[in-house]
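What follows is each chain in one-letter form.
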Amino acid sequence: MEATQVLFWFIAVVTILSAGIVAFSSKLIHSAFALLATLVGFAAFYVYLGADFLAVAQIMIYVGGILILIIFGVMMTHRIYDTSKRTAHNSLILSLLGGAAMAAILGMIIFRSPWTATVFKTLKPTTSMIGTSILTNYLLPFEVISVLLLGALVGAVYLARREEDEE
Amino acid sequence: MIQLESYLIISAIVFVLGIFTILYKKNAVGILMGVELILNSVNLNFIAFARYIDTYINGQLVAIFIIILAASEAAVALAIILNMYRDRRSVDVTKMDEMKN
Amino acid sequence: MGLISLATFFPVLGALIILFIPKEKLSTIKIIALVFSLGSLVVTTFLWTQYQYGMIGINDESQFQFVEHLAWIPAFHIEYFVGVDGLSFPMVWLTSLLGFIAVVASWNIPKAQKGYFALFLLLDTAMIGVFVSLDFFLFYVFWEVMLLPMYFLIGIWGGPRREYAAIKFFLYTLLGSVLMLLVMLALYFNVQDPVTGGHTFNMLHMMQQSNHNSWLSRFDVRFWLYLALFIGFAIKVPIFPFHTWLPDAHVEAPTAISVILAGILLKMGTYGILRISYPIFPDIAKYTSYALAVLGVINILYGAFVAMAQSDLKKLVAYSSVSHMGFVLLGMSVFTSAGINGAVFQMFSHGIITAMLFLIVGVIYDRAHHREINGFGGLAVSMPVYAGVASLAFFAALGLPGMTGFIAEALVFIGAFSVYRVLTIIAAFGIIVTASYVLWTVQRVFLGKLNPKYESIGDINGRELFTLVPLGLLTIFFGIYPLPILNMIKVSLNYLITLIP
Amino acid sequence: MIKLALFIWLLPLAAFVINILIGKRLPRKGDWLSVGAIGISFILSLIMLYRVLVDYDPNFLVQGSVPWIDLGVLKLNMGLYLDNLAVIIVTAVSTVSFLVHVYSIGYMEGDPLYNRFFAYLSLFSFSMLGLVMWDNLFGIYMMWELVGICSYLLIGFYFTKDSAANAGKKAFIVNRVGDFGFLIGLLIVISTVGSFNLTTIHQAVGQGVLHGGLLTAAGILLFAGAVGKSAQFPLHVWLPDAMEGPTPVSALIHAATMVAAGVYLMARLNFMLTFDAMLVVAYVGGFTSLFAATIAITQNDIKRVLAYSTISQLGYMIMAMGVGAYVAGFFHLVTHAMFKAGLFLGSGSVIHAMHHSMEKTGIHGDPNDMRQMGGFRKKMPYTHITFVIFSLALSGIPFFSGFLSKDAILGGTLAFAMSQSNPIHYLLPTFGFVAAIITAFYMFRLIINTFYGKPKNESLFKHIHESPKVMTIPLMALAFLSLYFIYTIPSISPAGPEGGWFTHLIERPISAVATQLGHPVLFIPEHTEHAAHVNGMLISIIFALTGILLAYLFYYWKKIDVEKFTQRIKPLYALSFNKYYMDELYQATVVSGLLLWNQMLAWFDLHVIDGIVNGSAWVVRNFSFMDGWIDKYIVDGLVNLVANMTLAFGKSVRKIETGQIQNYILGAVLGAFFIIILTMI
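Protein chains in written order, with my numbering: chain F, 1 to 167; chain C, 1001 to 1101; chain R, 2001 to 2501; chain Z, 3001 to 3681.
Hint data in this document are derived by calculation from the structure and do not stem from the laboratory.
Just so you know, these numbers come straight off a predicted model, no measurement behind them.
Be aware that one or more of the hints could be misleading.
[What the hints assert, rightly or not] Calculated cross-link-like contacts (lysine-lysine; reagent style DSS-like; alpha-carbon spacing at most 25 angstroms): (1) Lys3379/Z to Lys3558/Z; (2) Lys3454/Z to Lys3360/Z; (3) Lys3161/Z to Lys2449/R; (4) Lys3651/Z to Lys1095/C; (5) Lys3454/Z to Lys3379/Z; (6) Lys3558/Z to Lys3454/Z; (7) Lys3379/Z to Lys3462/Z; (8) Lys1026/C to Lys27/F; (9) Lys2114/R to Lys2023/R; (10) Lys1095/C to Lys27/F; (11) Lys3075/Z to Lys3003/Z; (12) Lys3161/Z to Lys2453/R; (13) Lys3378/Z to Lys3454/Z; (14) Lys3024/Z to Lys2449/R; (15) Lys3454/Z to Lys3564/Z; (16) Lys3469/Z to Lys3558/Z; (17) Lys3564/Z to Lys3462/Z.
Chain F extracted, bound-state conformation (with noise of 0.2 angstroms):
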């Protein structure tokens, strides 16, 4: 096993376990750092996929957006004394029997497909081709998605305001 192989699979094992902990865990505060963890897994294996500026906008958007947003979501609805107070949960065993469902699919489809891997390609800078490829072929969505942002943010903003005659 090479080096970087070794540290592959550390990297996975740190992300599942970060996983688990989000998904098991009682503790709101602790999903949340958990969830950070999990996210920069991931970066790394953006990295390993080659697609180096995926992982910088994973750690830029997920980790300094999303988890920041996150984590004053929690901070806002959970008075901070009782972040470490236990958040009731649903049924365990109904949960499991459906996470399982869902790994049995998942498991049956990935190893009953035959992947092959067609194509090999030398790794290198993604970032430039991505941006030609968002100002041509995906021009459309690029915009569409770029108004969709704006809406949504806009939507945000209103929904979070406070109403002046509301307090």
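Guided by the hints, dock chains C, R and Z onto chain F, whose structure is given.
Just chains C, R and Z, lined up with the frame of chain F:
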């Protein structure tokens, strides 16, 4: 060399954990985290396929859009959650049943 | 983008800007509406100075002016094809003028000003669009776009029975639109583009009889298509017996909308017949001309008689429109130079005069909050300026020489008499009835003893005068010197009647 | 010449525009503007007349025109047509108009709408001058309508009085009835001749383009316009009511100028009247002259007497046009304009005095009522003398202008009757002569009642005084113009106008109809004409004197008791007093009929036409309602059966439906799992 299947399995495990999170948590923020997990696992799949199967990087591009989508979704969802909390001092989704019946 | 498109779409640009202005900023909204409607007027006026009087238009693209011909939806041979000729230009100019006047007239609209002005500017664009389009599909699009703002403008800002009136207006005109749509599609599939050989929505191609296929050359087919199209337009004119939406819509609509409705929308019916029905189906036009003349005479007399029986001032003016549009119908049914020129001149003239009348009704309604003719009396004492302007408008309506209405009616009579002698004599009887109801109205409203209720009623104010005086000057100017309009329209119309076999 | 005419024509228009817009703010409310404008027009028209007199050519003609409407096929030019006829009538119009303007300064003083009155007068002068100068029928028609609207505005000048407003409306609408005929006549002309130009029409008719029955019809229809405007039977009803207007207006519009426009038109169109058309014209005119005169006898309103007298005199003129006494008819138009305007202004002077007196004494009443007057001779000497002069002129007493013209008409009528084989045409001179007696009678009845005898109302009488100079000077001017020699220069024979400038300059135009037919329309031998003229003159003098004598017998010497006499002929008296119930007849038939008809149509529109629309909506609605019933109870019945079963089942399983999305996701995942299992295995 790391096999494609490795990524798929990791992704699948995270996906399953995401599903489990959604099913298990009552807390809206928790559910949101589950969704993020699912989206990330999907992203991983896309990027992996882009690396191993596609001749171009279409997977990466889709992943970019998903990330943006996730960001929007998180923003809106959190806004809704905040509103919800403000209204009833609780983020328990099982209690959100005004529109039932 | 050419000047015609600029004139057409300038108002809607204003509408878009208005959408982004908070509804509290009333004066900003109004000023934007004013500026953009004025802009359109400025552009069309500039076009008038550039207008080449000798060019014919009608069915030859090279004879149109300010043409813009672009592909729009090539898959269905739909083009963005606009241009003006002598038939359409007076209407375009009139539309932009009345659009501007109507904005001024709706300065004090009581509620939801933002939506009102945005819709109004959209309406303005659609109306100009109808008059400039030379592609049938484009024409239809503008025609439909016009309906919706109108529906809301009546339905939201109207009088007490506004919903009823708006629905009635909408359903009526929608029926017309549906018929028009059918004919449009029939033409689309049966007219061949001489250049490409495919289908076409180009009106000018449709006018070339050689482009019609054998199905479209059959007499019965042509007859029914003409009839369907005619009903579509007849509802708009409105021709008896399709006129009953008119009094309701007018009575309920706010003043400025009545102005537009009577000043522009009614003209679209006759414009459509002249622009589309006649050149495409000249043989059927000839075949049905007597019926059209009879309908015209019925309109003249029936409208006048019913107007006389009204006790609501606005309803009276509405029915007088029915009567006056009858002259247009009579004039265009005879295919003589004087008749058809008189008809189009009457369209222009009636646009101005009826606008004045509705503005005048609006002025008094704003002050007295009712329109019962018998509820007034002696207003000339307390509102002398208003009475003067109103008398001018009413005299114009009864066809006093020196004003446009007289020339139009005289031309129509001259044109019609050599063709349908008896009908014309019957129609000429209308001038007596018109004089009767106009003077009777003037007497009941302005003359006699002053109704003590209105002793301290305010005279017409500057803004209202500003809406009325330009129109009054125009009727007098073109009534004394009609050549600018007649020179413009005669070339096109004299050619149009040569198309009729 | 054309420029001169344009100035004459347009100056009053300028005065109107300025006055209507800013008249109120001008010093003296802008009266000087209107008076000045018409004054200059008056002087210019005198210059024009002078030129014509210097020329002394019966065929004098100046024309000039500009294109106005040009449709390629149809060309309408607008231009002036200045022949002797036009020049003389322009002078007459501007003279009377100027004098009336001056008079109005005094009469209308203090009126709140003073400036508007002058503005309207200016507009009227403009329209009237245009009417008589234009070279085409279309232009004449336009001005015809414009004078109509001026008349409307001025009759309704005291618009707060309902009667005035009604009178204005009535005048315009009745005129419109005549104009309807005029318009149809115009249409016949344009559709055959293709032009409205008088010269062109003359040529075209001469060439036979317009001929036969259509020509007669055109003539009669155009005459219909004249019937309306000149208040001939049966459209005369508006003129007496028009006396609601201020008196200067009555003088200018409803006596001297506008009402004479119909006569002017008939003079202009004399060339295209066929014999049948002429008969119609003559009989309408003749009948009207007698008819109106009989009404004038019994009226008590001073202005109404004059109004009916005007109708009667207009009938004379029209009759003259019809019997071919063209020159006489036109001559009477001019002389009548002077003395009738004078009469009205004189009566205005009386009314003015009465009005002021009533204001001072506080007596409420009708200032026009003769029964309140009497003995004004001493208090109003100038008014009295001029009034008598005008009356003598009107009655046709030698040495006054009316004698010349009226005589010529009666002579012409008699000549016509004598030249025709059918004796029934003697009716026409009979109408004329009887009307002449009555005219003299009612005029002197008026004078005696007003100026002579004892004052009937002492308190009013005390405050009566002569009108200011600005009012009496126009009266004197008009009185001067009512003297015979004005019209007979260079001859000074009082016996007739022959040899005078007037008859030299005005000649009957060559009849285009005669050119077309190849023989005269109306042949009156020279000797017949002469004989008729001499006889006519003698008879009319005798008749006029008889009339005056009768008036003195009745009212001055009171040899015959008026009361008893009227009692004896009560039905006739009532008929005359109530104007033959014409107004009531029209009210009951035409007006009520029209209103009823309108109401019916409005009902029809609201209930039938709109009813069909709403009815179809109702049908659709009810159809859908019925459809809905079927749907509800039959189709839906089956469905409900199924639904009820489902419902029962659903009730048992609904507990699964928690509303929790997480439960659904679980279900979805498990479901997917089973599907995958099933497909994979």
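Verification of the hints:
1. Lys3379/Z to Lys3558/Z: holds, 23 angstroms
2. Lys3454/Z to Lys3360/Z: Holds. Lysine 3454/Z to lysine 3360/Z sits at ~21 angstroms (cutoff 25 angstroms).
3. Lys3161/Z to Lys2449/R: Distance ~6 angstroms between lysine 3161/Z and lysine 2449/R Cα, so the pair holds.
4. Lys3651/Z to Lys1095/C: holds, 23 angstroms
5. Lys3454/Z to Lys3379/Z: OK: lysine 3454/Z and lysine 3379/Z at ~12 angstroms, within 25 angstroms.
6. Lys3558/Z to Lys3454/Z: holds, 13 angstroms
7. Lys3379/Z to Lys3462/Z: holds, 9 angstroms
8. Lys1026/C to Lys27/F: holds, 12 angstroms
9. Lys2114/R to Lys2023/R: With a Cα-Cα distance of about 6 angstroms, the restraint between lysine 2114/R and lysine 2023/R holds, given a limit of 25 angstroms.
10. Lys1095/C to Lys27/F: holds, 20 angstroms
11. Lys3075/Z to Lys3003/Z: holds, 24 angstroms
12. Lys3161/Z to Lys2453/R: Roughly 18 angstroms between the alpha carbons, so the hint for lysine 3161/Z and lysine 2453/R holds.
13. Lys3378/Z to Lys3454/Z: holds, 11 angstroms
14. Lys3024/Z to Lys2449/R: holds, 23 angstroms
15. Lys3454/Z to Lys3564/Z: holds, 21 angstroms
16. Lys3469/Z to Lys3558/Z: Outside the cut-off at roughly 35 angstroms; violated.
17. Lys3564/Z to Lys3462/Z: violated, 31 angstroms
Hint compliance for this structure: hints 16 and 17 are not met, and every other hint is.
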